[in-house]
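Based on the hints, put chain G in the right spot on chain F.
If you want the building blocks of each chain, they are given just below.
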Amino acid sequence: MPRTIVVPSGTGGVITYQLGSNESFTLESLTALLTSVNGGYTDTILLDCRDAKGGIIYRQAVDLGPNAPTFYSLAPGSEPMWIVPGSIDNGWPQQFNADQAFYTERLAPVTLTPGCTIYMIAANSGAYPDTDPLDTLDPDAAWDNLLLWVEDVGKGPQFGDVGNAILLGIGA
Amino acid sequence: MWRWRYVGSPVPLHTPVAGQPAKYVPSERGRECVVAATFTLTAAAAVADRFARVVYFDRQGRTVVIVQSPFKRTATGTQVASFALGGMQFGADNAAAVGGPLPELWLSGAESVQLTLLNIQAADTITHALLWVAELGEDD
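Here the protein sequences line up with chains F and G, keeping their order. Each residue of the first sequence is one higher than the last, beginning at 1 in our numbering. Each residue of the second sequence is one higher than the last, beginning at 1001 in our numbering.
If you're looking for bench data, these hints aren't it; they were derived computationally from the structure. These numbers come from a predicted model, not from an experiment. The beta carbon of each residue, even a glycine, is placed where N, CA and C say it ideally should be. Treat each hint with caution, since some may be false.
FRET-style restraints, in silico, Cβ to Cβ [stated by the list, open to error]: (1) G/Asn1119 x F/Gly54: 39 to 47 Å; (2) F/Ile57 x G/Gly1086: 20 to 28 Å; (3) F/Asn67 x G/His1128: 35 to 43 Å; (4) F/Asp130 x G/Gly1077: 46 to 54 Å.
Just chain F, with the same shape it has in the complex:
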């Protein structure tokens, strides 16, 4: 069955969780509370999953123009809230109400292995794609309660099982 991992807090712009030496799981959902931010500095929230050597497995932009406090809720199959349909600003979808204290986003159901690290990042993204966001962290940004809901590998059904069953014609 799924289990919950909680990281109480993170400062200096980032909150992280590193998998232990015998830990492998699929990320089923992620929530976190951004409690403070330097509004003149932070212009994006990112999620990074990196391997044990720091290589990027998976990255996504979560929120553009964030404010604090904002509660983030990400899950596979969810989608971005507060987006102007069809609106693109410099290549990014545009929020229509940036002062909301709540935001949802998609999440890839990535399977992570020992030594991988999950980062929720508040950064200045103006230097992308040439600068690592971990080098442009908002030093004033703080996080509370990174909550990961995970399914240990081989212990249960996975994302996509409902769709697969329907495609295969497995009836009720």
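Then chain G, alone, in the frame of chain F:
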């Protein structure tokens, strides 16, 4: 070995008292995925920015996921909210119908789902709450 008990089954929820969410706790015998969730909101006269949402909780009652309509209901009237796997946001502020996606999460007993509102008011009511649920079981 996981096997299907059912891919689709309707689950009507008990109608909660005013001001409270509709709740669902899966059985302990397998793993369940909420494929769709629909309910009717009857908003009271009190003015507030209400947003229809589906909230998932772990065994300790901690919030693990929220999905929510971006469109609000401000005062008196009814609104049907419908969320589903693969769904997309639709509706408008104070529209008769709103909706959005659901995540594919596999729940077991003691984990739970609530159909509710952000900023639910004491006299607001949630009725006709209906889930469509898939269930997987593990062989003994």
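To see whether the hints hold, each was checked on the structure:
no.	hint	result
1	G/Asn1119 x F/Gly54: 39 to 47 Å	42 Å, holds
2	F/Ile57 x G/Gly1086: 20 to 28 Å	25 Å, holds
3	F/Asn67 x G/His1128: 35 to 43 Å	36 Å, holds
4	F/Asp130 x G/Gly1077: 46 to 54 Å	51 Å, holds
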